[in-house]
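Undergrad: Those sequence lines, one after another, are chains A and B.
Numbering-wise (this note's numbering), the first sequence opens with residue 1 and increments by one.
Numbering-wise (this note's numbering), the second sequence opens with residue 1 and increments by one.
One or more of the hints may lead you astray.
From the structure, some residues in chain A lie toward chain B, with a derived Cβ separation under 10 Å [claimed, not checked]:
id, residue
1, R136
2, T234
3, D366
4, G368
5, G374
Using 30 Å as the maximum straight-line C-alpha spacing, the simulated DSS-like pairs for lysine-lysine come out as follows [to be verified]:
id, chain 1, residue 1, chain 2, residue 2
6, B, K367, A, K114
7, B, K367, A, K356
8, A, K356, B, K285
Bear in mind the hints are in silico, worked out from the structure with no lab data behind them.
Predicted model only: the values in this text are computed from it and were never measured.
Ideal Cβ positions, reconstructed from N, Cα and C, are used throughout, including at glycine.
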Amino acid sequence: MRCCYTFMRSLTDTGGIHALVCLFMTIVLAGCVNDGQGPEPPVPENPALNLRQTLERSLEGAILPAVNAFLAEAQALDTAAEGFCAVQDAIALEELQRRWKSTFEQWYRLVLYKFGPLDDNFVFPAFTFIDGLRLRGTNYLETVRAEIVDDLDDVRVLDDAYFGSKTFQRVGLLALESAIFETSTPEHSTDAAAILSEYGFQPRKCDVLLGLSGQLLSQAQYVENGWTTEHLDTGRPFRELFLAGELEDGTEPLSQVIISSQEFLDYLQARNVVITAAQVSQHAWQAIAASIDEVELLLRGERGEAGSIFDFMESVGRLNEIAAVEDSLRQVRQSIADRDPAMLEITLGFLDGNFKREIPDSLDIDLGINFTDGD
Amino acid sequence: MESHLYRAKQAITRRRAIGLLAAFLPGSLPSVACEEKRSERWVAAQGDKAGSYGVGWVAPAQVAPASAALTGFRGHDVLQHPLRKNSVLVIARRPGTRGLEIDLLSGREVSGFSCATDRHLFGHACFSADGRVLYTTESAISEGLGRIAVRDAASYQLLDEWSSHGIGPHELRLMPDGLSLAVANSGILTRPASGRRGLNLASMRSNVSYLSAANGGLEDAFELAEPKASLRHLAVAADGSVAFAIQMQRDAAGHTNTVPLAGVHRLGSPPQLFDDPPTLIDQLKDYVGSVAICDQSRTAGFTSPRGSLAAFWNIDTGMLVGAHALRDVCGIASTPGRAGFLLSSSLGEIRELDSFCLQEYRAKRVKLPGQRWDNHLHVVVDV
């Protein structure tokens, strides 16, 4: 690799233009990935096989469990909503709120993998129907509040078809949060007794709750179905397309995982999510902690299972890069423990940077020159 | 409950997709085998580090590695020389100072130029209608003002220099009448000493100015309401409609509102922004890197490498026609004579789409690993 770099430099240094027609030029260019800066890491005997293992480990050990867990949480939330509406007491409300929080946390793990079934449409991607904030950090709390009031005041039938036709700004976890953690009165009380009282005198509110929880469940089922059964009209599960490297936009699958994770970390800091998400339930810090748990799971894998991203990085001698990522993770954890939004933003920036540099460099992932340095 | 809601979602999604396609479904795709000029070449700057920078080119449907020549600098735009059809001119990207003419048949340097003292390029140029004059966007470094350098296209001798009527002029295009130039002034001041960092983001004002191609006199100009929307790239339709592409300076904006990144302008009218659908615009990630127009379909295509997405609007109706996902897509060009768009990525792919329905001719997909197609793609013919 170093010799082809030297060869290239000699071509330019000897002045002028050197036409290297076809063949060899491209082969040389393709080979000159490392520019010879710093010691070259040891290369495992079969790096392609190891990267394949890392891809499979990421899928089986992190991505698919996150998909399945979100579906399970959405199902449990829907069940809790039905249970609450049957009895409408403080214990059932507490259980419902607990279920919403665990569903929200699980979403903050799954959304790290915002591609495939979650990002299935250029205009109306599935993820927006779960979490409208994720699109660009716009908080639709007042929109969902007004929508719930409209639904309560109206006489229309609040059935599944109605909720399935709503735009993304009016459904999803945020709408459920408003329905579960506060009243729909102008003061938006979060007092449990006030919430119970409203459900008691306003029977349509349970229709709203059940419609919203059913809609969220349908989204979770859609995502799980796309991964495991059929993605769009391809006739194949996205899991299969992913492993085969047949993503429509030509992205290599492991690159997709890293890029998606990086974009999420960028979103968390750039949109200051900790002070905009889950403000009614006061559950943003826990959700972001769950995201960091997922990042760690993706990087480290499950205890005792080989083939994680860190395992691959270690196998190619990228110990300094692993240390840099671990240091960023430690600092993010500390800022979460301290409930320090300013430090969280800064430290998420460090981790975001690791996903732009140390990790893709170690995995030999190409983010693209236009992506990283266009004009 | 879940299953029919799921089906409803699917149906809605499909209906939306069908809605987008409805306008052009009745006609079938033109034959993939429709006539192509055998002398057609797809050309772009390429390379990802010093020592590999150059220009690369392929013929349609080429499966062998691309031809390439080193330039010694990172190029940005590449133009076919109107007087020497076998040649392309590679313009150094900001803040480079060189233009280099390459013969595509021999792969050798034919000629070239360097900027005058205290000037640098922005990666773009265009030729006059008769091909005898070359215009480049440049910066007067000391003053920080935009300039249009006027050169003899045969010898590259500097003939004149005009104001671009803005700061940081980027792409410029000759209008169809051959009498005027459209110049995108990005509004962003950079200096070589401080790299590519914007030095005036707080006060930046971007515009598109229309200048006389004969003497540089200002004929018209427009700005956008969003002050941090940097007008950067242009494409011109046969009727004079100018499609413009924007790079939003979000860090300086102080808000997170969706900002349209594409639009069209016609002389005498206010600019029309392509502001719908906002959910798709958000996926362009505040950045459009290139634009092209297909006159037959009246469609303008805009590429976002940050969103890995190309989006297409009808320039008459302002309606979204469709989108195509391609990792790190940036180069876009219309295909001569067959109403198509070419898209290129720095990961070596070139894809061709029908410009009416935006379906890809998958059989024509070119994938050349190691070929790093840079910002802009051009189709040259009659080589």
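Undergrad: All hints are to be evaluated individually against the structure, with a verdict given for each.
TA: Quick rundown of the hints versus the structure:
{"no.": "1", "hint": "R136", "verdict": "holds (5 Å)"}
{"no.": "2", "hint": "T234", "verdict": "violated (13 Å)"}
{"no.": "3", "hint": "D366", "verdict": "holds (6 Å)"}
{"no.": "4", "hint": "G368", "verdict": "holds (3 Å)"}
{"no.": "5", "hint": "G374", "verdict": "holds (5 Å)"}
{"no.": "6", "hint": "B:K367 with A:K114", "verdict": "holds (26 Å)"}
{"no.": "7", "hint": "B:K367 with A:K356", "verdict": "holds (25 Å)"}
{"no.": "8", "hint": "A:K356 with B:K285", "verdict": "holds (16 Å)"}
In summary, the one numbered hint that this structure violates is 2.
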